[in-house]
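Peer 1: So you can see what is in the structure, the chains are spelled out below.
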Amino acid sequence: MTETRTETREETQKETRQTPVRRPRGPRRKYALLDLAAPVLAVLFAMAVASVALLVIGKNPLAVYGTMFAFSFGRLDSVAAILYKATPLIFSGLAVAVGFRAKLFNIGVEGQYLIGAFCASWVGFAVKGLPAAVHLPLVVLAGALGGALWALVPIWLKVKRGVHEVISTIMLNHTAFLLLHYLIADVFMDKTQVIVGGAGSPRVRMPLMEPTALMPKLHGLADLIGVELPSHSSLNWMLVFGILLAAGLWYLVWRTPFGVELRAVGHSPDAAEAAGINPSAVYFKTFLMSGAIAGLVGLSDLIGHFGYLDIDFPRGYGFTGIAVALVARNNSLGIILAALLFGFLSRGGLGIQVLEKVPMETYVILQGLIILTIVVFWEVIRRYVRARQKREEASADAQC
Amino acid sequence: MLSAEMLASAIRLAVPVIITAVGAIYSERSGVINIGLEGMMIAGCFTGAAVAFYAGPYAGILAAMTAGALFALIHAVASVHFRVDQIVSGVAINILAYGVVRFSSLSIFKMATTTPHVDCLPKVTIPGLAAVPWLEPLVSKVSPLIFLAFLLIPFTAWVMNRTVFGLRLRSVGEHPLAAETLGVNVYLMKYCGVLISGALAGLSGAYLSIEHTQMYVEGMTQGLGFIALAAMIFGNWMPLGAMWAGLLFGFAQALSLRVVTEAIPYQFIKMVPYILTIVVLAGFVRRSRAPAAVGVPYERGEAA
Amino acid sequence: MTNTTPVLQLQGITKRFPGVVANDRVTFDVGAGEIHAVVGENGAGKSTLMKIVTGLYPPDEGRIVFKGRPVAFRSPGQAIAAGIGIVHQHFMLVDAFTVAENVILGAEPARLGVIDPKTSVRQVSELCDRFGLKVDPSARVEDISVGEQQRVEILKVLYRGAEVIILDEPTAVLVPQEVEELFEHLMALKGQGKTVIFISHKLDEVLRVADVITVLRQGRVVGTVPAAEVTRERLAEMMVGRPVLFDLKRGPAAPGGVVLSVEGLTSVNGGRAVLDDLSLEVRAGEIYGLAGVEGNGQTELAEAVMGLRAVTAGRVTLLGEDVTNLSTGEVRRRRVAYIPEDRHRRGLVLPMTVWENVILGVHRSPEFSRGGRLLFRSILSSTEEAVRRFDVRLASVLAPAQTLSGGNQQKLILAREFRGDPGFILASQPTRGLDIGATEFVRQELLNARDRGAAVLLISADLEEVLSISDRIGVIYNGHIQAEFGRDEADPRTLGAYMTGARTARREGGSAAS
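Protein chains in written order, with the working numbering: chain A, 1 to 400; chain B, 1 to 304; chain C, 1 to 514.
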């Protein structure tokens, strides 16, 4: 009997394939096609539902979508606008995604980017006399630090007190709105503004930032590749920075030991802890990283376009970032594509508002719908893939 | 400081939190986290005002509850049926509700952020008590919804502890597999919990727009949906606790509105409810006893 | 004396899951009023079969005939309504509810949807009296003992008028004395005309109490025999397909110096001391088996040693070095291996790949990463080798760990933990839920490690396992080591007495009698 068992085991060992050593490509290469299906299906479904809304207000959906596409892709200034609008969304999506990977829900990007913008603005106008090569990086750094600072409280509360970060970050969002209002309108309001012609009132804004603090635009780079960007476009180097950051984060998550810890803690903090990883430390580092990236979200607008922070600074990037991260399933390349998608929706939305008199709100509805349908489809596909893989493993097991 | 007027003001401010928090209890006790309550409240706010404008306050309130329940249905389908992450689904509902409300407001009233003035429910005055001077602000000319809100507390406690529905609902939030093996329809219970929470959130929104300010203004919920969740946690998932938590917030709000000094900028006063929520959660989350299976998507026969 | 008319007939029941046939044309009869045992090893299909009979799953093929009529239950509610009730192995009880609430759930005595608590308590009390099951209806389930919880499960089915009562591995959580009580209850049920189906893999118990025994192996029925006509060895052979005696090789006993020393360890859970002045020692080259009923501090002891739980008093020492309250990472750095009792929660990150799980914990070592970069060539070759050595059957090391079977998952954990030739191994319930082959493999690996000079602390609720491979045995009860025995001194009777607290250590000066 003992002999029978040993024999079987040796036989099995010979049978087990000598798998060649190769770089892992990612856990589900075989099912990559399916992975793409979900976002595509989701977008189509969302467009269908939006069509219903359009019909309700008496518009022809096909005409509307046609205009949307033509407006967005037919003109160079539209393409530039899409890239410009996508830039903050790349950062926002990355910020949310890096948190999601550790199962941390950073709903506070909305507040973090405002605080980051404030800090960047302050360093931009308060510090004078520095060359651009020093000032600009300082400004960017200030933005990141501001965001990280605003993320510190929620993650500390979560780790030390078990407070769910969703509620604490949302509370801090509201707090940030109020704080910013106070800082811009009451503390740092630029009183040196000159009112022209006695009409109107001064803008509620902080002082102008130094020219050395502003981000150069991409016209120079575009010229190099033979593209002439419209002069009014504010497309700037933050876009390049964002793409590089996306690549860097991919590397961090999939090719470094910290990435292993991040994902392990996200999937199973218990197992990670038992293996000797410190989940609290991972949560801290990840969330602060998320906050720092969030702090950069507003910079493209701030130092690439406006040059000052005012009370009407664009809002909503935080929530759109959530949509971007979900559509892209936290994947770096996907985030860039999803950011472009939402940039397209935003630009196209402007187009149809002007040309077809369709309200902009359709865009927000689309956003919410896309999130919902996407996660539903993901869930369905994930279960299907898991069942298939279980079958494969079971047959491998049964062969022995 | 502790005048009847102050108390009345505190109660008026507490009511939306209390109603939504009680609604949240139904959902969470059935095991479903409902982050989308804010969105459901927004839906209720707008729908209530819009319908009240055309058909009077009673219709408005009913419509608001229906609107809240409809959004809750979406959340239920996504998170119970498709087992999507409940937090993600809730966040999506918030975004969706915001957009739909804006869109509808524009389409119906041609204004995105407000609706016209609406009539509120006839005010109630309790005859005997109104004669007592120091009670007067509390019991005269108050919205009937306030009484409804406070009745909701013992009613919910009774439902949870004394009815078949309540027992089954709670069992599903604690140990869904056990409930299933005993013939309880787990999915149905979860749907009920979520829909009730949506309807109550809608009611809460209707209170805000019809009774409190008598019009809809964008952003009027100001995070109350999330504060209500905190109140529920603070109240240990029980109606009476949620009531006290809600009153605490109402009181803090009322207090902060009356403190008008040069020293503190008004923005910081307005921050009080949010900071208070965080403080409360930080201080009290430890002793809490959430339903054992809350937030866990249920799959039939999964524990095989 | 069995009746001639079978009360329950299973005919050709077949059930398939992705990649495996759980039940394959299962056919046998259960006579009315008999105690019928269904035996088989883990994975033989017993649980699945019972889930089909009780309506949780529909069968893919075949039919069930109950009291002479074919039935097709589409939900557990229907099975219960028909009169078939099941007491699950893992109790289906709501901890926060009272006993009465658990019993009435789903079949509440109510008027217009309103429950009268006094009625439910009264009804449950009456049932207790009638069947001799003592338990307090108003007590909360989380406050009562495991044996009492099992009685609540039995009450649940009786409350619904079950005529056929199925018990799934009922003795897994009981000590010898409680097993006796259970058998008395079963006899009482039989006396009241109920039919009992008893699922187990513990052949001694089955032979004691059953009238008829059906043996399942790999989803198929091997045979149905009267208990009086069969021996333990024959049953085991039917169960496994070959004469089975665990043929484990162990080297001579050669214990070295003390590796792990636990002194006066105390830890609390919200006011209750789950570890109470606990002391033990494990030496190099020996296996110290810790016997005890689950819930007496075993989990907490493992957590305390591994740095997953705070210790309020006492010390944990490894090779003379004080490691009390150090982090898990630091403990592991001292060549400590840990096989957690819950492999799905603590052992593996299921959605991550096999190779990621193998390097988990050592991913920062110079072998696998340099300059913030993972070294894939080294990782993959190391994983392939570990997988080969520990006989983990899989299609690819790139597949997620959750696609592996239970036995292979456990072997994967061993592959990870034993890779670094640990000096101390803490194995907690290492063979739970594994089939015979995997169980034998794991036990042999523990013995091999011991022969290589490692110190092994084995925590197991399976007394047979503890008795079979330990050099020394300790009994834990109420968070304290009550007694210790050498391999040859231990007998189940005495152990059982200490395990249930019928006998306790005399507490003078706070150390356990040795």
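Treat the hints as calculated values from the structure; they're not laboratory data. Given the structure is predicted, the values throughout are model-derived calculations rather than measurements. Every residue, glycine too, gets a C-beta built ideally from N, C-alpha and C. Incorrect hints may have been included.
Simulated restraints, written as ranges between beta carbons of each label pair [as the list claims (entries may be wrong)]: (1) A:Pro202 <-> B:His117: 29 to 39 angstroms; (2) A:Arg161 <-> C:Ala313: 23 to 33 angstroms; (3) A:Ala70 <-> B:Thr113: 27 to 37 angstroms; (4) A:Glu356 <-> C:Gly406: 52 to 62 angstroms; (5) A:Arg161 <-> B:Thr213: 46 to 56 angstroms; (6) A:Ala63 <-> B:Ile108: 44 to 54 angstroms; (7) A:Val49 <-> C:Arg130: 31 to 41 angstroms; (8) A:Leu355 <-> B:Gln222: 53 to 63 angstroms; (9) A:Arg255 <-> B:Ala263: 49 to 59 angstroms.
Peer 1: Take the hints in turn and mark each one as holding or not.
Peer 2: Okay, the hints, checked on the actual structure:
Between proline 202 of chain A and histidine 117 of chain B the beta carbon distance is about 33 angstroms. The supplied range of 29 to 39 angstroms therefore holds. A C-beta distance of roughly 26 angstroms is found between arginine 161 of chain A and alanine 313 of chain C, which places it inside the suggested range of 23 to 33 angstroms. Evaluation of the 27 to 37 angstroms hint for alanine 70 of chain A and threonine 113 of chain B yields a pass: the beta carbon distance comes to about 31 angstroms. The supplied range of 52 to 62 angstroms is met by glutamate 356 of chain A and glycine 406 of chain C, whose beta-carbon atoms lie about 59 angstroms from each other.
At roughly 35 angstroms, the beta-carbon separation of arginine 161 of chain A and threonine 213 of chain B lies outside the given 46 to 56 angstroms, and the hint is violated. For alanine 63 of chain A and isoleucine 108 of chain B, the Cβ-Cβ distance of about 23 angstroms falls outside the hinted range of 44 to 54 angstroms, so the restraint is violated. Separated by about 60 angstroms at the C-beta atoms, valine 49 of chain A and arginine 130 of chain C break the suggested range of 31 to 41 angstroms. Between leucine 355 of chain A and glutamine 222 of chain B the CB atoms are about 35 angstroms apart, so this pair departs from the stated range of 53 to 63 angstroms.
The hinted range of 49 to 59 angstroms is satisfied by arginine 255 of chain A and alanine 263 of chain B, whose Cβ atoms lie roughly 54 angstroms apart.
Taken one by one, the earlier hints fail for this structure at numbers 5, 6, 7, 8, listed in ascending order.
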